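**Q** Generate the whole structure from the sequences, applying the supplied hints.
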Amino acid sequence: MLADLKELWRFRELLWAMVERELRIRYKNSALGFLWSLLNPLVTVAVMWSVFTFLLGNNTENYSAYILAAYLPFLFFNMALLDSAQSVLGSLNVVKKVYFPREILPLASVIGNFIHFVLALGVFFMFLFGVWAFTGFQVAPFTWRLVALPFLLIPFFALVVGCSLLISALNVFYEDVKYILSVFLYLLFFVSPVMYFSETVRSALAGRANGALIETLYHLNPVATFITAFRKVLVPPGRIEIIQDGVAVKVPPAPFDYTMVGVACVVSFVLMVFGYWVFNRMKWRFVERP
Amino acid sequence: MKTGIALDIREVRKTFILSHSGAASLKTALLWWKKANREKLEVLNGLTIRVKHGECVALVGRNGAGKSTLLSLISKIYKPTSGEIVVDGRIAPLLELGAGFHPDLTGLENILYNGMILGLSRKEVLERTPQIVAFAELETHIDTPVRTYSSGMQARLGFAIAAHVDADILIVDEVLAVGDYSFEKKCYDYIDEFRRKGGTILFVSHNPDSVRRVADRVIWLAKGQVKMDGSVETVLEAYLAAGEER
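Going down the list, the sequences are from chains A and B. Just so you know, this note's numbering puts the end of the first sequence at 422, numbered straight through with nothing missing. Just so you know, this note's numbering puts the end of the second sequence at 248, numbered straight through with nothing missing.
Rather than coming from a laboratory, the hints here were simulated on the basis of the structure. On a predicted model such as this, the values are computed, not experimentally measured, just so you know. Beta carbons: idealized from backbone N, C-alpha and C, even for Gly. Certain hints may be false.
[As the list claims (entries may be wrong)] No farther apart than 30 Å at their CA atoms in a straight line, the calculated lysine-lysine pairs in the DSBU-like style are these:
1. A:K160 x A:K228
2. A:K228 x B:K4
3. B:K199 x B:K125
4. A:K310 x B:K81
5. A:K228 x B:K225
6. B:K4 x A:K138
7. A:K228 x B:K188
8. B:K42 x A:K310
9. B:K42 x A:K228
10. B:K225 x A:K310
11. B:K125 x A:K138
12. A:K228 x B:K81
[Said to hold, decoys possible] Okay, the calculated bits of chain B under chain A, using three or more residues with CB under 8 Å as the criterion:
13. 76-83
14. 93-99
15. 107-114
16. 210-224
**A** Shown next as structure tokens:
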């Protein structure tokens, strides 16, 4: 594995060129390419926000920012996995003709999507400033917790790299993997706190037998844990409206859960190493797929 | 230029698993009892070849003799089932011209990207871009997407890039038959120049004329083994005679 890493380092310039190509193709054919690609999350969040505020009557403060702060990382996870699932298979004609470290293909998909995610976070802060100005400069657009953002981005990136390497390698041999993946990602959206809050989950489980156990299980999904953590780091705390004993009450957001985030970090790095190991074991057989 | 052994192919075997089930899917992986119909195909059977720096070797043989597999193994696309391949120097594989082009990117962008796949640094590619464009004779089209190119133009660009990576060893798989007459001449001129500078060439061809034109040694592969290895006329004559017997 060290030899593979060394070889990857030797080809690092190619990796950057591929990332550049990925972004160039994505933003190509339209001058507003980057803005177009932001339209999807912004429209989705606007719809979710309208539904929850007007149709379901939820009064959580700063709600649109909360959804956006969760939806952007979720979208990164989602898009990076879907792109990298096809990355090796889609370039098989090149892979069959030229040698280069094959892991460059999924890595370029992940890094390209990651850069897009970071750019989208920039737009997110512009949005927060907008909200700040719009609400008469009441809620500050960010808190001191923002310094923790890189420490969340790095393990989250590692998680995506690990999953992508696994999926891109498997998808070469079993083409049904990408169908299973899209169903899985659809379901993941519902079992991750994007539209709702981990506080909602806690209050719903509070009265139940094994409630604490189910909550821990829920947060063993690293995506759920990271999304909650992103919210706490990115959004200035506003009170969240939850239903308690049939009555809507506003509660302050729960404190940052260091234990669960720590577990998620460990899981992410282990997955990255495991994914790379599996990928390296399979990569020489890509060209020999039946 | 380098001296000594350029390519050292030692006892190389390559076995492929033939699948009759068609497409890859989880279903075929799970139906383990159907794996009985998996056949093994031995393409290379303990091949040993040594090529010195500066030699120009032509590989001849019938379809399925293992020529292309051998070129792919040398280009590090496959890993040998057993045995070892030691390469001294930089390889430029010309297995299929323009295989790595992305249709939506311009010729210029594809030069950068393809040059880097072939092992150049960004700086090196940028330095050579004007020469590559001139060699491919694509000055007027270089800023348009490659999908608008004809197949001949794509092949020209592919050859031009590979010709400028400063390789020590050129691996060619019957790609010189593309392009018009004048470009073909240009390719041969390039190959002559490459040989004059002491470069090593390993190529596959079914055309006796181009073998005579370029090679100074011919290896005849049959059933994954070296059947004959020697000077151009001796081996080519034997090979052509064997072909007529059938």
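**Q** For the region 93-99 of chain B, do three or more residues have a beta carbon lying closer than 8 Å to a beta carbon of chain A?
**A** n = 3 at 8 Å, threshold three: holds.
**Q** Given the hint that K199 (chain B) pairs with K125 (chain B), test it: the Cα-Cα distance must not exceed 30 Å.
**A** holds, 24 Å
**Q** Take a quick look at whether K225 (chain B) and K310 (chain A) sit within 30 Å of each other, Cα to Cα.
**A** It is violated: about 39 Å lies between the C-alpha atoms, which goes past 30 Å.
**Q** Would you mind confirming whether the straight-line C-alpha gap from K228 (chain A) to K81 (chain B) stays at or under 30 Å?
**A** Roughly 12 Å separates the two Cα atoms, so the pair holds.
**Q** Decide if the proposed pair is consistent with the structure: K228 (chain A) and K225 (chain B), CA atoms, cutoff 30 Å inclusive.
**A** holds, 22 Å
**Q** Just to be careful, I want the Cα atoms of K42 (chain B) and K228 (chain A) compared with a cutoff of 30 Å; is the pair within it?
**A** Holds: K42 (chain B) and K228 (chain A) sit about 20 Å apart, inside 30 Å.
**Q** Quick check: the region 107-114 of chain B, covered by chain A? Criterion 3+ residues, Cβ under 8 Å.
**A** holds (count 3)
**Q** Is the Cα-Cα distance between K310 (chain A) and K81 (chain B) 30 Å or less?
**A** Holds. K310 (chain A) to K81 (chain B) sits at ~27 Å (cutoff 30 Å).
**Q** Checking one constraint from the list: CA of K228 (chain A) to CA of K4 (chain B), max 30 Å. Satisfied?
**A** Judged against 30 Å, a Cα distance of about 29 Å means the pair holds.
**Q** Between K228 (chain A) and K188 (chain B), does the CA-CA distance stay at or below 30 Å?
**A** holds, 27 Å
**Q** Can the restraint linking K160 (chain A) and K228 (chain A) be considered satisfied, given a maximum Cα separation of 30 Å?
**A** holds, 27 Å
**Q** Is K125 (chain B) close enough to K138 (chain A), meaning Cα to Cα at most 30 Å?
**A** Satisfied, since the Cα-Cα distance of roughly 21 Å is no more than 30 Å.
Comparing the model with each earlier hint shows violations of hints 10 and 16; every other hint is respected.
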